[in-house]
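**Student:** Residue strings, one per chain:
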Amino acid sequence: MNIYADHAATTKTSRAAIDAMVDCMENCYGNPSSLYSVGQQAKTALENAREKVAKILNCDPKEITFTSGGSEADNQAIRSAAYLGAKKGKKHIISTAFEHHAVLHTLKKLEQEGFTVTLLDVHKEGIVSAKEVADAIREDTALVTVMYANNEIGTIQPIAEIGKICRERGVLFHTDAVQAIGHISVDVQRDAVDMLSLSAHKFHGPKGVGVLYARKGILLTNLIEGGAQERGKRAGTENVPGIVGMTAALEEAAKHLEEHRKHLIPLRNRLISGLSKIEYSELNGDPENRLPGNVNFCFEGIEGESLLLLLDDLGIQASSGSACTSGSLDPSHVLLAIGRLHEVAHGSLRLSLGEDITEEEIDYIIESVRSVVERLRAMSPFWRDLINGKRPHVFKQYQTQLLQ
Amino acid sequence: MALYSEKVMDHFRNPRNVGIIEDADGVGEVGNPVCGDIMKIYLKIADDTITDVKFETFGCGSAIASSSMATELIKGQPLADALKLTNKAVTEALDGLPAHKLHCSVLAEEAIKSAIKDYYDKNGIAYDPAEFPEEHDCEACCVHGA
Numbered sequence: 001m002n003i004y005a006d007h008a009a010t011t012k013t014s015r016a017a018i019d020a021m022v023d024c025m026e027n028c029y030g031n032p033s034s035l036y037s038v039g040q041q042a043k044t045a046l047e048n049a050r051e052k053v054a055k056i057l058n059c060d061p062k063e064i065t066f067t068s069g070g071s072e073a074d075n076q077a078i079r080s081a082a083y084l085g086a087k088k089g090k091k092h093i094i095s096t097a098f099e100h101h102a103v104l105h106t107l108k109k110l111e112q113e114g115f116t117v118t119l120l121d122v123h124k125e126g127i128v129s130a131k132e133v134a135d136a137i138r139e140d141t142a143l144v145t146v147m148y149a150n151n152e153i154g155t156i157q158p159i160a161e162i163g164k165i166c167r168e169r170g171v172l173f174h175t176d177a178v179q180a181i182g183h184i185s186v187d188v189q190r191d192a193v194d195m196l197s198l199s200a201h202k203f204h205g206p207k208g209v210g211v212l213y214a215r216k217g218i219l220l221t222n223l224i225e226g227g228a229q230e231r232g233k234r235a236g237t238e239n240v241p242g243i244v245g246m247t248a249a250l251e252e253a254a255k256h257l258e259e260h261r262k263h264l265i266p267l268r269n270r271l272i273s274g275l276s277k278i279e280y281s282e283l284n285g286d287p288e289n290r291l292p293g294n295v296n297f298c299f300e301g302i303e304g305e306s307l308l309l310l311l312d313d314l315g316i317q318a319s320s321g322s323a324c325t326s327g328s329l330d331p332s333h334v335l336l337a338i339g340r341l342h343e344v345a346h347g348s349l350r351l352s353l354g355e356d357i358t359e360e361e362i363d364y365i366i367e368s369v370r371s372v373v374e375r376l377r378a379m380s381p382f383w384r385d386l387i388n389g390k391r392p393h394v395f396k397q398y399q400t401q402l403l404q
Numbered sequence: 001m002a003l004y005s006e007k008v009m010d011h012f013r014n015p016r017n018v019g020i021i022e023d024a025d026g027v028g029e030v031g032n033p034v035c036g037d038i039m040k041i042y043l044k045i046a047d048d049t050i051t052d053v054k055f056e057t058f059g060c061g062s063a064i065a066s067s068s069m070a071t072e073l074i075k076g077q078p079l080a081d082a083l084k085l086t087n088k089a090v091t092e093a094l095d096g097l098p099a100h101k102l103h104c105s106v107l108a109e110e111a112i113k114s115a116i117k118d119y120y121d122k123n124g125i126a127y128d129p130a131e132f133p134e135e136h137d138c139e140a141c142c143v144h145g146a
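In order, the protein sequence lines correspond to chains A and B.
Mapping the first sequence onto the numbering used here, position 118 (from 1) lands on 118, and the numbers just tick up by one.
Mapping the second sequence onto the numbering used here, position 24 (from 1) lands on 24, and the numbers just tick up by one.
By construction, these hints were calculated from the structure, which means they are not laboratory data.
Watch out, some of these pointers could steer you wrong.
[Unchecked claim] A short list of chain A residues far from chain B (calculated; beta carbon distances all over 10 Å):
1) H101
2) L104
3) Q112
4) I165
5) H342
6) R384
[Said to hold, decoys possible] Here are the in silico distance ranges between beta carbons for each label pair:
7) A:I265 x B:Q77: 36 to 44 Å
8) A:N388 x B:G76: 28 to 36 Å
9) A:S273 x B:G76: 44 to 52 Å
10) A:H101 x B:E134: 29 to 37 Å
11) B:I125 x A:E111: 37 to 45 Å
12) A:N388 x B:P133: 51 to 59 Å
13) B:D81 x A:E374: 45 to 53 Å
14) B:F132 x A:Q317: 41 to 49 Å
15) B:G76 x A:E111: 54 to 62 Å
16) B:E22 x A:I265: 45 to 53 Å
Just so it is clear, the structure is predicted and the values come from calculations on it, not from any experiment.
We put the beta carbon where it would ideally sit given N, CA and C, even for glycine.
Kindly generate the complete structure, drawing on both the sequences and the hints.
**Tutor:** Below, the structure written as structure tokens:
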């Protein structure tokens, strides 16, 4: 059995996206900036794509800027809002402790440029409080940026509530919706979002392409200079095949969104309940308010990388927030932000399911994780100390409310 | 290309000498759960020779493989030779480790030294303390490894 369960990392490019891209590369190779027909044909493909994306997000096509992906969109959105604020003497930005590094690292740079950043707590459930956002807004707040759904633990944030607050208080609101788009309903009008980032490869589109939505009237700061493409806000010949492929994937994802959600949620819950039967383990993040395909657990006494390698041997591809997999000294900042101690954060496992997952595969994952955890615990001196009472357990033996 | 060599994967998947020795003559433990790796080495020693060795490891693939390889390298060896085992020798025997995983081989070297020191201490055997450098702290380990 082979089960790719790392869809939060990336997804397999869909047939529709591949077909659209191949057709574009074969038949629509012109430069959209060229005046002759082959160029104009590419321009038409580009603008058709823009209209379709805008329709799905519920915005105007002029509010769509194509980028190289979610990271670029995050960088550009945050810098643009920051500099717009600075012109009015507003140099305070509100965000959360568990944003993607594309957001956090941009905020770090802005701090070096004299901005002040407030990172809100995401509590043990992994959900920011809209009231705490409201309370954090100051006279000089230029921007609130809160992700739509977390990339590691999948928790969905109260975006519409935060959007409403920001609109009332006259503060720009950006959301990194990379993990949400194509998986849960997003609507920039309903959610009162001013800026939004998305990335194609998270919903079966190609890599290296994404979107920055910016509401009319928000002047973007260029990250890339050198041409009039994208209304002069993002220089460089447009990645037409990528954009066309992304659009095909997005249309497909939007069309099947409800059906996929209905299929995934019971299977996700089956996986959560199965894994919670492994002793001294705990689910990370709110059990209900999370992406349909996201499951993230910590297991006491083992380390995540070895867990991933052994699962790969059993045909299951997943990811972990251990330091060894992040290549840094610390385990995942997301797990630390929800209050996980280092020693259990090292033993984390993220399974992000694809829409075609079956019940049989879920049961295979549960059995495989159980056997690998047991195997690693059997050789772990840390586990031995835990069961012998030489070190204190972090978790209860069973997280009973999750057992079904 | 794969993250680890075939040798690392072999020792990770089929670790040699896993377990504990109830009546060990020397036991050494290094690392800590906060850092994400702990290695524990158990030695049986007779006539200044390591007659048996077992290990337990909490850690990543390369930590488990490094422990396994290190125990293989010292099994049946005179203590004097085991003391000379370097992290470099462990790494080479594994056909190399990624740069950010070198600290795993350092832990293996230190765990063995710590077990031998424990044996010396328990039996009142004199030794040159210079041969047993203080276990470095967590931060130094990680920086060293990176």
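**Student:** Now look at each hint and say whether the structure bears it out.
**Tutor:** Right, here's what the structure says about each hint:
1. The Cβ of H101 (chain A) sits about 18 Å from the closest Cβ of chain B, beyond the 10 Å cut-off, so the non-interface label holds.
2. For L104 (chain A), the requirement that its beta carbon stay farther than 10 Å from each beta carbon of chain B is met, with the minimum near 20 Å.
3. Distance check on Q112 (chain A): its Cβ is at least 23 Å (rounded) from any Cβ of chain B, clearing the 10 Å threshold; non-interface status holds.
4. Every CB of chain B lies more than 10 Å from the CB of I165 (chain A), the least distance being 38 Å, so the non-interface label holds.
5. The claim that H342 (chain A) is not at the interface with chain B is violated, since a C-beta of that chain comes within 10 Å of its own (minimum 4 Å).
6. With a cut of 10 Å on Cβ distances, R384 (chain A) falls inside the contact zone with chain B, its closest approach being about 7 Å.
7. With their beta carbons about 57 Å apart, I265 (chain A) and Q77 (chain B) fall outside the hinted range of 36 to 44 Å.
8. Between N388 (chain A) and G76 (chain B) the beta carbon distance is about 30 Å. The supplied range of 28 to 36 Å therefore holds.
9. Between S273 (chain A) and G76 (chain B) the Cβ separation comes to about 49 Å, which falls inside the hinted range of 44 to 52 Å.
10. Between H101 (chain A) and E134 (chain B) the Cβ separation comes to about 35 Å, which falls inside the hinted range of 29 to 37 Å.
11. Judged by the Cβ atoms, the range 37 to 45 Å given for I125 (chain B) and E111 (chain A) is violated: they are separated by roughly 56 Å.
12. A C-beta distance of roughly 29 Å is found between N388 (chain A) and P133 (chain B), which places it outside the suggested range of 51 to 59 Å.
13. With their beta carbons about 36 Å apart, D81 (chain B) and E374 (chain A) fall outside the hinted range of 45 to 53 Å.
14. For the pair F132 (chain B) and Q317 (chain A), the beta carbons lie near 42 Å from each other, so the given range of 41 to 49 Å is met.
15. Look at G76 (chain B) against E111 (chain A): about 58 Å separates their beta carbons, and that is inside 54 to 62 Å.
16. Separation of E22 (chain B) from I265 (chain A) is about 49 Å and conforms to the stated range, judged on CB atoms against 45 to 53 Å.
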